[in-house]
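We have chain R already, so just place chain U on it with the hints.
So the sequence lines, in the order shown, correspond to chains R and U. Taking the UniProt record's numbering, I'd label the letters of the first sequence as residues 1 to 329. Taking the UniProt record's numbering, I'd label the letters of the second sequence as residues 1 to 429.
Check the hints yourself; a few may be wrong.
Ranges between beta-carbon positions, derived for each pair [stated by the list, open to error]:
1) U/Arg177 to R/Leu220: 23 to 31 Å
2) U/Gly13 to R/Leu220: 31 to 39 Å
3) U/Glu227 to R/Leu220: 33 to 41 Å
4) U/Thr69 to R/Ala130: 27 to 35 Å
5) R/Lys5 to U/Ser95: 54 to 62 Å
6) U/Glu209 to R/Leu220: 22 to 30 Å
7) R/Leu220 to U/Thr69: 41 to 49 Å
8) U/Ser180 to R/Val140: 23 to 31 Å
One side of the interface only, derived from the structure: several residues of chain U facing chain R at Cβ under 7 Å [claimed, not checked]:
9) Leu61
10) Gly112
11) Phe119
12) Val142
13) Arg145
14) Tyr162
15) Phe167
16) His208
17) Tyr210
Just a few of them, taken from the derived set where beta-carbon distance is under 10 Å, the chain U residues facing chain R [to be verified]:
18) Met59
19) Ser95
20) Met117
21) Ile118
22) Ser124
23) Asn127
24) Pro128
25) Ser129
26) Ala225
27) Phe298
None of these hints come from the bench; they were simulated from the model. All values derive from a computational prediction rather than experimental measurement. Here a beta-carbon is modelled for each residue, glycine too, at the ideal position from N, C-alpha and C.
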Amino acid sequence: MSYAKFLVKRILQGVFVVWGVVTVTFALRAAAPGDPVNLIVDPGASPELREQIRREVGLDQPLYVQYLEYLQGLVVGDLGFSYQSRRDVSIMIAERLPATLELAIAATIVAVVIAIPLGVVSATRRHEPADYGATLFSLVGISTPNFWLGIMLILVLSVQIGLFPVSGRPVSFTDAVVSLVTTGYAHDLVTWLRHIALPAITLGTYFTALITRLTRSGMLDELGKPYVTATEAKGLPGVLIRYKHVLRNTMIPIVTVLGLQLGTLIGGAVITEAVFNWPGLGSRLISAIYAVDWPLIQGIIIVIGVGFVCINILVDSIYAYLNPRVTDE
Amino acid sequence: MSESTEALLRVEGLSTRFFTEQGQVNAVSDLDLRIDRGDVYGIVGESGSGKSVTARSIMDLIESPGEITSGEIWYRNGELAAAVEDDHGHAVDGSFVDLLEIPERVRRSLRGTSFSMIFQDPESSFNPSLTVGEQLAEAVEVQRRASANPRSTRARTRSEEYSLGSFVLSTMLPSKRYVSEESRERAISLLELVGIPDPVERADEYPHEYSGGMLQRAMIAQALAGEPDLLIADEPTTALDVTIQAQILDLLDELKRETGMTILLITHNLGVIARMCDRVGVMYAGEIVERGTLADVFDDHVHPYTHGLLGSIPDVERAGGRLEPIPGNVPSLLDREMGDRCRFADRCPKAMEDCLSHPPEVDAEGSDHHAVRCVLAERSYDESRALPDDYFGEPDRPAEAVDEPQSDDEPLPAERTQPTLEDAGGDGS
Numbered sequence: 001m002s003y004a005k006f007l008v009k010r011i012l013q014g015v016f017v018v019w020g021v022v023t024v025t026f027a028l029r030a031a032a033p034g035d036p037v038n039l040i041v042d043p044g045a046s047p048e049l050r051e052q053i054r055r056e057v058g059l060d061q062p063l064y065v066q067y068l069e070y071l072q073g074l075v076v077g078d079l080g081f082s083y084q085s086r087r088d089v090s091i092m093i094a095e096r097l098p099a100t101l102e103l104a105i106a107a108t109i110v111a112v113v114i115a116i117p118l119g120v121v122s123a124t125r126r127h128e129p130a131d132y133g134a135t136l137f138s139l140v141g142i143s144t145p146n147f148w149l150g151i152m153l154i155l156v157l158s159v160q161i162g163l164f165p166v167s168g169r170p171v172s173f174t175d176a177v178v179s180l181v182t183t184g185y186a187h188d189l190v191t192w193l194r195h196i197a198l199p200a201i202t203l204g205t206y207f208t209a210l211i212t213r214l215t216r217s218g219m220l221d222e223l224g225k226p227y228v229t230a231t232e233a234k235g236l237p238g239v240l241i242r243y244k245h246v247l248r249n250t251m252i253p254i255v256t257v258l259g260l261q262l263g264t265l266i267g268g269a270v271i272t273e274a275v276f277n278w279p280g281l282g283s284r285l286i287s288a289i290y291a292v293d294w295p296l297i298q299g300i301i302i303v304i305g306v307g308f309v310c311i312n313i314l315v316d317s318i319y320a321y322l323n324p325r326v327t328d329e
Numbered sequence: 001m002s003e004s005t006e007a008l009l010r011v012e013g014l015s016t017r018f019f020t021e022q023g024q025v026n027a028v029s030d031l032d033l034r035i036d037r038g039d040v041y042g043i044v045g046e047s048g049s050g051k052s053v054t055a056r057s058i059m060d061l062i063e064s065p066g067e068i069t070s071g072e073i074w075y076r077n078g079e080l081a082a083a084v085e086d087d088h089g090h091a092v093d094g095s096f097v098d099l100l101e102i103p104e105r106v107r108r109s110l111r112g113t114s115f116s117m118i119f120q121d122p123e124s125s126f127n128p129s130l131t132v133g134e135q136l137a138e139a140v141e142v143q144r145r146a147s148a149n150p151r152s153t154r155a156r157t158r159s160e161e162y163s164l165g166s167f168v169l170s171t172m173l174p175s176k177r178y179v180s181e182e183s184r185e186r187a188i189s190l191l192e193l194v195g196i197p198d199p200v201e202r203a204d205e206y207p208h209e210y211s212g213g214m215l216q217r218a219m220i221a222q223a224l225a226g227e228p229d230l231l232i233a234d235e236p237t238t239a240l241d242v243t244i245q246a247q248i249l250d251l252l253d254e255l256k257r258e259t260g261m262t263i264l265l266i267t268h269n270l271g272v273i274a275r276m277c278d279r280v281g282v283m284y285a286g287e288i289v290e291r292g293t294l295a296d297v298f299d300d301h302v303h304p305y306t307h308g309l310l311g312s313i314p315d316v317e318r319a320g321g322r323l324e325p326i327p328g329n330v331p332s333l334l335d336r337e338m339g340d341r342c343r344f345a346d347r348c349p350k351a352m353e354d355c356l357s358h359p360p361e362v363d364a365e366g367s368d369h370h371a372v373r374c375v376l377a378e379r380s381y382d383e384s385r386a387l388p389d390d391y392f393g394e395p396d397r398p399a400e401a402v403d404e405p406q407s408d409d410e411p412l413p414a415e416r417t418q419p420t421l422e423d424a425g426g427d428g429s
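Okay, chain R solo, but in the shape it has when bound:
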């Protein structure tokens, strides 16, 4: 099977998965107890007003019609209106999505940049102080709860030393880049970096620890394989054996985990967002759930689902590049 064919197949599968997510969330909403109209109007509203709103929102239609209309809207990017704020759900999501993506990607970069070299050092200097240090770090990293780490970082680095701001996101990454390009000053970018540093470290620590462990154990596994001895026997320089051969093969399982983790970061950074008052999708989802704002909940879940699917397709295509046997099977 060619690479293109493989990719097309994965994308079609992804569309199917997204459709499944839409259907399940729609079914959940339909099965949820209570009259949705109650969530929109005041409890004391007249029956006429209720009926009028029911018609306007389309809740008087049979369920399958509502479902088809929802799907129809989805195709053109219309996710409906929020019950609570009466605003367009797609706009409400679009406002928050960049912050979430910034944080998820920053946390992943922190993890990859720290974890992979650490894992490599740990595996190639097994049973040396560097290895013990890395192993200890990953053990501590995996067992430290996010909210505690976040608060401690704020306490020490922000409040006491004053190195980083306490919370918030005064400027978005795109604005910061635009300002750098138009004015030539990096001030906004520095502000953005200083604000995202602590949340990214907080969110990335567990991830860093996990990838360090995976890299170490994967590399040790790989180093024990016969092809490594054969590559040594042909006289290839050690650097090429370690990086071109061994690390590359070690990356195959790591890419999978990276993708899955990035997917969870999109929806699951709720605690970190709360601690740092970071205006992301996670905090909006939580408030939507409190308000039983179904269109918003549904919209956010679908966006997270689409994100997951996209990342998985990306991961699969990287995976196919790294491991030529995938496209063959």
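Frame of chain R; chain U shown alone:
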């Protein structure tokens, strides 16, 4: 046969030990070996007899917890001798260099260019995620870079290792890649040399797209890339089908005749030895117990172990008859369990009281090269001095007959699960 009797490699008193949790394992003990230029030297023995460890000791591929604890490996290379003489005079003797006395870096630089190796299982000996062509081209490139400088050996012994910085640069700039275009082309012609059809297309394929026999051909091509002085073939046919085995042996034979290279062939298969080798060493428990020309070992053998090995080969003419496997198993190589007796005594049908002390190697009848580590070389078997059957504790299992061995793959008794060594990579055996 060899046109000269010039030694290429002289191994003297080599001991390689593994320091495991169970104790010290003497994988190779005080081993001497002389390989002449242009010869095919065969080492034969059961799994765990130390043949692979010997090969890996020569290649400098012994990994922790293993270690070469003593011995000398003299390699004839005038150029190398001249290059290291100034700094490491004690490691040079004429045009010979003691590989165990020169720095690790210099020794590593000999891999691929002076010595190369073919492994037992081709499928696990290639990296599954790089194309075969790329992997061959790497081997060519090693050689190309080594000989790029006219004073190549000297340059090699002093030059810097390929650094991490150069690797990072190479991932970004295609022009800085380690493997050059010329090497890729040479890799294709090597594939052609070993008889792989459509070499241009096959070079871009991955190892899993090759059959076992084709991949073993590719591995031979890879081993030839550096035009080595010595090719070590460690069980080159064990993992292959019988029909493919013959093709691979033919190929090795043909290449040997064309290039005149020297081969150290390691196998447990006496048929392979008989077909390929000029000289043979029979290994048992980390020692060469009998050595000599093919005729010495096959026709005039003295050691009861050699006799036993030959008796374990299925023979068409005796079909229906019974094989005579050697009773018992390979002995433990754990230092504390090895007594100071002949290591074969507990399995030997002709063990005598004299065998309770470790026999020295003595010359035997036959050619000048015939030597054996057995008291029977100097006196004949004397039943009155024989050791009682149960001398070594409970008698080992009797020589039960093996009815129909499936092939000549495993003519020898199975390995005992004990802390002996993993032999020859393990997977395929």
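Taking the earlier hints as the rules, which of them does this structure contradict? 7, 8, 13, 17, 19, 27
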